[in-house]
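Protein chains: 2
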Amino acid sequence: MKKLIGAALLGQSGGPTSVINASAAGVFLEALKHEEITNVYAGIHGIRGILDEDFYDINQEDLEELERLKYTPSSAIGSVRYKLADPSKDDTDYKRLLEVFKKYNIRYFFYNGGNDSMDTCNKISKFMQKENWDVRIVGVPKTIDNDLNGTDHTPGFSSAAKYVATTLMEVYLDATVYDIKNVTIVEIMGRNAGWLAAAANIPKSLGYGPDLIYLPEVDFNIDDFFCQVGELLEQKNAVVIAVSEGIRSNGKYIPELFNENISKDAFGHAQLGGTASILAHKVKEKFGTKTRAIEFSLLQRAAAHLASQTDIDEAYTAGSKAVLAALDGLTDVMVGFKRISNNPYKIDYTLIPLETAANIEQKVPLEWILPHGKGLTKEYNDYVLPLIQGETKLEKENSLPRFARLKKIRVAKK
Amino acid sequence: MKKLIGAALLGQSGGPTSVINASAAGVFLEALKHEEITNVYAGIHGIRGILDEDFYDINQEDLEELERLKYTPSSAIGSVRYKLADPSKDDTDYKRLLEVFKKYNIRYFFYNGGNDSMDTCNKISKFMQKENWDVRIVGVPKTIDNDLNGTDHTPGFSSAAKYVATTLMEVYLDATVYDIKNVTIVEIMGRNAGWLAAAANIPKSLGYGPDLIYLPEVDFNIDDFFCQVGELLEQKNAVVIAVSEGIRSNGKYIPELFNENISKDAFGHAQLGGTASILAHKVKEKFGTKTRAIEFSLLQRAAAHLASQTDIDEAYTAGSKAVLAALDGLTDVMVGFKRISNNPYKIDYTLIPLETAANIEQKVPLEWILPHGKGLTKEYNDYVLPLIQGETKLEKENSLPRFARLKKIRVAKK
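Protein chains in written order, with the UniProt record's numbering: chain E, 1 to 414; chain R, 1 to 414.
For the record, the hints were derived by calculation from the structure and aren't laboratory data.
Keep in mind that this is a model prediction, so the values were computed, not measured.
All the given hints hold, so there is nothing to weed out.
Distance ranges between label pairs, derived from CB positions: (1) R/GLY329 x E/LEU370: 57 to 65 angstroms; (2) E/LYS252 x R/PRO365: 46 to 54 angstroms; (3) E/LYS181 x R/GLY329: 40 to 48 angstroms; (4) E/LYS414 x R/GLU285: 42 to 50 angstroms; (5) E/GLU285 x R/HIS34: 51 to 59 angstroms; (6) E/LEU370 x R/HIS34: 45 to 53 angstroms; (7) E/GLU36 x R/GLU285: 47 to 55 angstroms.
Okay, derived cross-link-like pairs now, DSS-like style, lysine-lysine, Cα gap no bigger than 25 angstroms in a straight line: (8) R/LYS3 x R/LYS33; (9) R/LYS236 x E/LYS407; (10) E/LYS286 x E/LYS252; (11) R/LYS83 x E/LYS181.
No residue lacks a Cβ here, since even glycine has one placed at the ideal position from N, Cα and C.
Turn these sequences into a full structure, and let the hints guide you.
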């Protein structure tokens, strides 16, 4: 195979995770080792930075700071939510990307993101092939939602699941401390797939609640919900509930469902907005108990201090495997994981066609979900427990995280 | 000094912290060592359990599980928010307490709580003296608010401060990732004292935001706030702001200011929360930017996985010192800390009259607070940094916290 000589470019896209930078570290550190790769660039704010020729020069970074990226949350090179048009309708952006790729001799393009990013990768790849620009395009998966198709799981999910499990254990101990009736509702990310909210099942199996868990895979019935809460309030003082932000009743998200009430609340009442807040308000109205809504918000995807070392290692290796695959002549693929065994936990790294990975959401199997919010079957715990193992090796300085400090030197525009 | 033979009783009160059980461990493990102490009891849900003769028998617990209490968040024996009446007006509860103390021969009473609990201790002590029941009463401080008078700091605060600092570093990296204008407002606990919200100054000094910090010690002016936010939005895309839940404008809490209903607890304290949401809504209205409100909620006081080992050790020792002081014949005091030096960090344990500790709130010195939300002076960081040092020795099992598992055997009612 003829060696392809040129620059490598990485972009990050979508919502950050606590290990997306571990994948970036894998791409950077692997790419820097190979002489075919003349330069290593990072597109600032993903596609946005590429369209603007706005790159960091990774060759100028210290290797030890790049190593520290493994333990640094969020997207160190900036992220973006920018959807490329369908190229058959408007190919302006694609032409511009081709121009930039040619100008900087980009021959290796890595894009680190979720479903939409894999779709973006795929469209760019098809366009470049049509225009005969020889560039190898490999997707590096990330999403706390764990909904990418064709892979056993996705980097970012495992650490978020560990955060959810650990934090819920702590919240449960706090929320059950008083001798009065009270209901705590915790909201966990996941628009359409409940993988992350399902991580609430780990503390539940250990005796640390939550009492009820609701996922978007199952229609949310408010009457059934009230019935479950009411039964529990008869048995105990404190009820703890985990809900996915994506639960829907007849296709309507909870904030949509109670739209009238929301708009009545003038200036940003605490009850406004979040699914947990609205449900807490409804429970208070119905049962007159003290209620509290907790949103894990950005914390669940940014908590590098609580990341799973398994996740960090896999995210890093996924980045490095992407570079090796591209150097091997592969393109139009995403790195994925295939589980070989659970005990001992073992995976193989695979390469999945971008078309398979993009735009299909992998959801929690319905047969794993118990009815009436009662949690999940053993299969879910068997699936998730190996992923959260291992404590992060994040370095501390003055007992605070010592995150990567990149120089962020911009590449001079050509 | 004549030895006082009898049972020891511990109660926990008020909002939990991640180290309040470390103090309980200190009380229990010390009390179990001394033969003057015939029994070690825990009052279930504080005063409530004492009034109801509802005790756990600590003598029946395994010592290694009691050791694990050091690393277990929240109040293991249950907490309460119950206000004793002024004994000159209604001494029913006091008479009942005396009856219970006599019935179980309670000669050592330890109460683990904040300002209100020290006031409770003080009232009980005075009543017992008047009735000639010889009991030694020692307060063990706890509060994440750090507002107890007469002590350099309070167990629980240091770990919460470490949580706030670490989590804000992570949130800052996540919140500043996009190339669009956005404002993130983080709400931190602290009703009247801003010690904990001020911990946002630690990441700020390290270059991890937040850009603005608002404490309850300084009147919150919404126009000045908008002015600061507006200036920052001209300079950068992402603005991160930390607010104490207790900030007030002309004496009115933010939710009050915008006509929300605020419920009050048994002590007449406003149940806050929603300050960040309301301000985020106002900012969105004013500047049209994307906004996000994050409440650290229970997480900041329950996050044992991120506790400061300094705090754990001090909380434990405070419990043990309380027992030793009582055995030495002292009563009507609270254990406190006196700082000897910052570098190396060194404290002495002191004993403070309950009257000094109770009902006076220690606030952040005004001269440490910079105007216009610009943060705090170096004095604050010098004060707080030694307190957050040391990583918790919390044991893990399957990469999840292994918290104490108490038998919780109830004492037979006499």
